[in-house]
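Starting from two chains that each stand alone, build the complex the way the hints lay out.
From first to last, the protein sequence lines are chains A and B.
22 is the number of the first residue of the first sequence in the numbering used here; add one for each residue after it.
45 is the number of the first residue of the second sequence in the numbering used here; add one for each residue after it.
Treat the hints with care, since some could be wrong.
Stated by the list, open to error - With the C-beta cut set under 10 Å, the calculated list includes, among others, these residues of chain B facing chain A: (1) 110; (2) 138; (3) 288.
I should point out that these hints are in silico values taken from the structure, not numbers from a laboratory.
For every residue, glycine included, the Cβ atom is placed at its ideal position computed from N, Cα and C.
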Amino acid sequence: MSMSSRMPEPYGQGGGANLADILERVLDKGIVIAGDIRINLLDIELLTIKLRLIVASVDKAKEMGIDWWETDPALSSGARRDELARENAELRERLARLEELELGRAPEDVRESKSRDVRKESP
Amino acid sequence: MTGLRYVYAVCRPFGAPLQTALKGVAGDPPRLLSHHGLIAVVSHVPEGDFAEAPLHRHLEDLDWLTETARAHQQVIDALTAVTTPLPLRLATVFRDDSGVRVMMEEREADFLRTLDRLEGRVEWGVKVYVEREPDAPAETAKPASGRDYLRQRRLQSRAHEDSWQRAERFAGRLHASLSAHADGARLHAPQNSALSKAPGQNVLNAAYLVPRAESEEFVELVDRTKGEEPGMRVELTGPWAAYSFVDDPAESSSAASAASAEETRESSSAPAGADAGEGGS
Numbered sequence: 022m023s024m025s026s027r028m029p030e031p032y033g034q035g036g037g038a039n040l041a042d043i044l045e046r047v048l049d050k051g052i053v054i055a056g057d058i059r060i061n062l063l064d065i066e067l068l069t070i071k072l073r074l075i076v077a078s079v080d081k082a083k084e085m086g087i088d089w090w091e092t093d094p095a096l097s098s099g100a101r102r103d104e105l106a107r108e109n110a111e112l113r114e115r116l117a118r119l120e121e122l123e124l125g126r127a128p129e130d131v132r133e134s135k136s137r138d139v140r141k142e143s144p
Numbered sequence: 045m046t047g048l049r050y051v052y053a054v055c056r057p058f059g060a061p062l063q064t065a066l067k068g069v070a071g072d073p074p075r076l077l078s079h080h081g082l083i084a085v086v087s088h089v090p091e092g093d094f095a096e097a098p099l100h101r102h103l104e105d106l107d108w109l110t111e112t113a114r115a116h117q118q119v120i121d122a123l124t125a126v127t128t129p130l131p132l133r134l135a136t137v138f139r140d141d142s143g144v145r146v147m148m149e150e151r152e153a154d155f156l157r158t159l160d161r162l163e164g165r166v167e168w169g170v171k172v173y174v175e176r177e178p179d180a181p182a183e184t185a186k187p188a189s190g191r192d193y194l195r196q197r198r199l200q201s202r203a204h205e206d207s208w209q210r211a212e213r214f215a216g217r218l219h220a221s222l223s224a225h226a227d228g229a230r231l232h233a234p235q236n237s238a239l240s241k242a243p244g245q246n247v248l249n250a251a252y253l254v255p256r257a258e259s260e261e262f263v264e265l266v267d268r269t270k271g272e273e274p275g276m277r278v279e280l281t282g283p284w285a286a287y288s289f290v291d292d293p294a295e296s297s298s299a300a301s302a303a304s305a306e307e308t309r310e311s312s313s314a315p316a317g318a319d320a321g322e323g324g325s
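Bound-form chain B, shown alone (with noise of 0.2 Å):
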């Protein structure tokens, strides 16, 4: 076979069939290659796209990074449909089957206890918006003078600080009842809305691990809070496969310092999504 070996994700044996229509990452229906108690799931990929040096000028392409990512995201959802899976970084990827199982083999004890941790888990996304204040149309009458400017320029801000700790507590107040309903809790940097195409001000961005047979409960709940408080929106996105809580820093390092660990990665891989979740707490 030639090609490379693009992987997704890791899981354990499963017995429901994947969608037979699905498609990877360069048009490659995915397959299992199994090793030991574990299975990856590979597609083959061209070398004119995957070798590094393709690979490096794709990743700044947006449209191919879309492209790859969405199918990338779309085997990892058919597999949470069946599986508990552990998804893997966009573009792992291995010359041949057995670069994979040598991979597998040297991260089994891992994978395994992942897997543990894990099972039967899914993760729910969870934001808040600020949305537009409805008073912003004013904002386009023209000054009349330099003082006029500078007056609405202040009367503006002041309204935009009253409106953004509103939403500060009413974040810190959400998340702190989602996480107590949930295994797990992390936060993410607020979106970029000319990304997402999401109208308002990100102010949370969280991901909660959930068991599946309580994921119904964690809709509900999160659905009762749309609408509770106005000039702000919830979202939720998922089941995801529990993409934000493949680290477990527990697991990683002495159980001594588990706790500062965990508090150090929250803070580092996330700067401002901590601050609008903290701010309420």
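Excised from the complex, chain A in its bound form (with noise of 0.2 Å):
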């Protein structure tokens, strides 16, 4: 107890300690050991991984209210919002700058050849 009252107040944990903290180490930090149940550790690593990979959609998945769980299409559809919402943005990009070469080069044309052919229905 005396070593304890040295110490500087805990920061940051406690009941309000960040999951994040606390998955990060007790999952993967800490002496390995291989006890007498076989977890399979890559269980323990591939669940890891999963929480790794999700740090590159964490925007996306912010944005649209969901919880990092929910971005494994094994485990919810809201994975395949996710997907369908990137591939939207993939494609309005792709939109943009098709409409910025059109905006470029082809509108002359294409206003000629529409008054052309309205030109040859009127008479």
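This is the structure in structure tokens:
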């Protein structure tokens, strides 16, 4: 006890501890010992990798108000929505690029051919 | 006694009692199992949850994992208040007490060496976040055309790159100065903010091994950097048991290859974190 009284007050631990802080330590750090119960360590590692992979799509997930496990296609349909949103964003960007290209050279031709068509039909 | 044995940590015998209200991972209060000059901190856990098949299932269940991780951490915290524990990875389970003793016997030399190295030291976690840029609301203005949209995107990504470079420099400087005041330092992968619920983008996630006696000074050092750089948030957690420092490459391999082993381990265990830290140093 005398030891802890010399220590500064805990920062951000206890009930308010950040789950990521705890998980990264208890799952990923600490001494690894093969117990009698052979949990395939790969299982834990897979889970950890999943936690890490999600780092890449955090912003999207937050925008959509979904929690991380919902981005796992095996676990929910949320992931499929996420996929659709990403595809959507990509398509929008491609469309915008095409529009910009079109604005640069094509508009004259388009208008000309249209007016030609109109002239042909009018008599 | 029925049930399996869940081992939290190994430590040297300590005089102070653990908190009486302390509950272990399955509600069973942690017990001390001594063997030679060491103590294993152990709970009895039901086979229905901790035998191989149920444990596999549970580990993929975030609610179960969260509850178990918190309970595990609470025991480690209580130990850290009274001694220097060697925390074991979550879900280290044996059939019975004698299985635990055999393990302690086999690893005795390792444990003692690591305990000597970590004695009287704790781990402090320091994270740096880039806060959301203040001009973010402007992004929501609807682009009038595809060209507008692209222009907005370019401006945004330029601003983003600037604050990113600033963040890397700040994180690098901070990491270098904190490392100089610590007995050890490790870079971890930046955290997922959906999981941590922390606002902003995590760019530095580091752990520092600091003697208890110097912890107050270390905490003040970190506190002084808060608010130093606009748009960056510095967060401190701890004191933790020395989770990030239980592996010492200098001890596990020959002294000659120790330096390179350390490099390899650091970069392979925390690729993204290493980028953030090394970018500015």
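Which hint numbers does the structure go against, in order from smallest to largest? none
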